[in-house]
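Peer 1: Could you put together the complete structure from these sequences and hints?
Reminder that position 39 of the first sequence reads as 39 in my numbering, one-by-one numbering, no gaps.
One thing to keep in mind: the hints can contain errors.
Unchecked claim - Pairwise CB distance ranges (calculated):
(1) T49 <-> G94: 30 to 36 angstroms
(2) D99 <-> D2: 36 to 42 angstroms
(3) A88 <-> A48: 25 to 31 angstroms
(4) D4 <-> A89: 40 to 46 angstroms
(5) E76 <-> S19: 17 to 23 angstroms
(6) A48 <-> H77: 14 to 20 angstroms
Hints in this document: simulated from the structure, not taken from any laboratory.
Note that CB positions come from ideal geometry on N, CA and C, so glycine has one too.
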Amino acid sequence: MDADQREAYVEDVLSLVESIPPGRVMAYGQIAECLERGGPRQVGAVMATYGSGVPWWRVVRADGTLPDCHQRGALEHYRVESTPLRGAAAGESGSTRVDMARAAWQPVTGTPGRP
DNA sequence: CTCTTGACGCCGG
DNA sequence: TCCGGCGCCAAGA
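Peer 2: Below you can see the structure in the form of structure tokens.
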């Protein structure tokens, strides 16, 4: 990958992350799939480097679990944005995680699941 | 040019 | 439901 391509990829990733509305989240693999470029790890690498300027807490793992580094700050944002949670934070049993079934967001498609 | 590493994902126990 | 291992893609040393 040339520097220009990486830069473009980074721009696309950041743009997509910023397009995620409050209360919704997107998985790394989903972002990669939507961009049809690289893979989950590449998205993670981009976020680790340039994620400081975007709502990084709206980006979670496919399972809805939060990356080890983000659990602290993300929870605060989720509480403010009313993001659907599962686990201790939601009064359920288990570790705190995002309810992907309800919080998953897809651009264009809109909101697939969400009664 | 090769080896290691990483904000990941999926399958099996 | 929780834990561990293997696979993927690309960048950095």
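Peer 1: What hint numbers does the structure not satisfy?
Peer 2: none
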